[in-house]
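Engineer: Sequence:
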Amino acid sequence: MLWLLLLGSRITMSKEYDLRGVRVLVAEDSEFMRSLISDILTELSVGDTVAVHNGEEAKAELEKSSEGDMSTPLYDLIFSDWAMQPCDGYELLKWVRSHHNPDIRFLPFIMVSAYSTLEWVTQARDAGVTEFLTKPVSVRTIVARLSSVIEKPRAFVKTGQYFGPDRRRRAVPYNGTDRRR
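In this note's numbering, the protein residues as written are 508 to 688.
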């Protein structure tokens, strides 16, 4: 089972996963946070973590990986800070969700931010984020988001104004007329 010993407490995913074949892109302008997230992913046995400084570098990495050159494999997941320059995580997320290549468009995207107000989380959700991770991050919170991405994948939805993971996290009983087409 995947676990770490941290201050005497065991942190686990509910199932055993082999993450050695997983490739993660981390976009974070803070050197400390970039190293912290990358180091945690390495300790969780993630196979390959590539860290970049901003959204523009992330776009270049994603394009390079999607060109079909086997020397640069595709990514499986993105961790991105929200507040970066010259291209922030929100712009990167919108670019990912509107990309023509499905290998990029359907990537799970975990937004990392120190701003966790309802407004920020809603804005990220409405842009197609898969998970939202509030700073400061910890092994526990990263494991929780990875577990959610792996154990509770959500179907993607396309409407006139939205493309991304289904925003409904739970089934709510509805007794009215079904107006869906």
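It is worth saying that the hints were derived from the structure and are not from the lab.
Treat the hints with care, as some may be off.
Said to hold, decoys possible - Pairs of lysine to any residue residues, derived as SDA-like cross-links and limited to a Cα-Cα distance of at most 20 angstroms, are as follows:
{"hint": "1", "residue 1": "LYS571", "residue 2": "SER605"}
{"hint": "2", "residue 1": "LYS566", "residue 2": "PHE670"}
{"hint": "3", "residue 1": "LYS665", "residue 2": "TRP602"}
{"hint": "4", "residue 1": "LYS571", "residue 2": "ASP633"}
{"hint": "5", "residue 1": "LYS659", "residue 2": "ASP633"}
Engineer: Give me the numbers of the hints this structure contradicts, sorted from smallest to largest.
Structural biologist: Going through the list in order, the structure violates hint 4 alone and respects the others.
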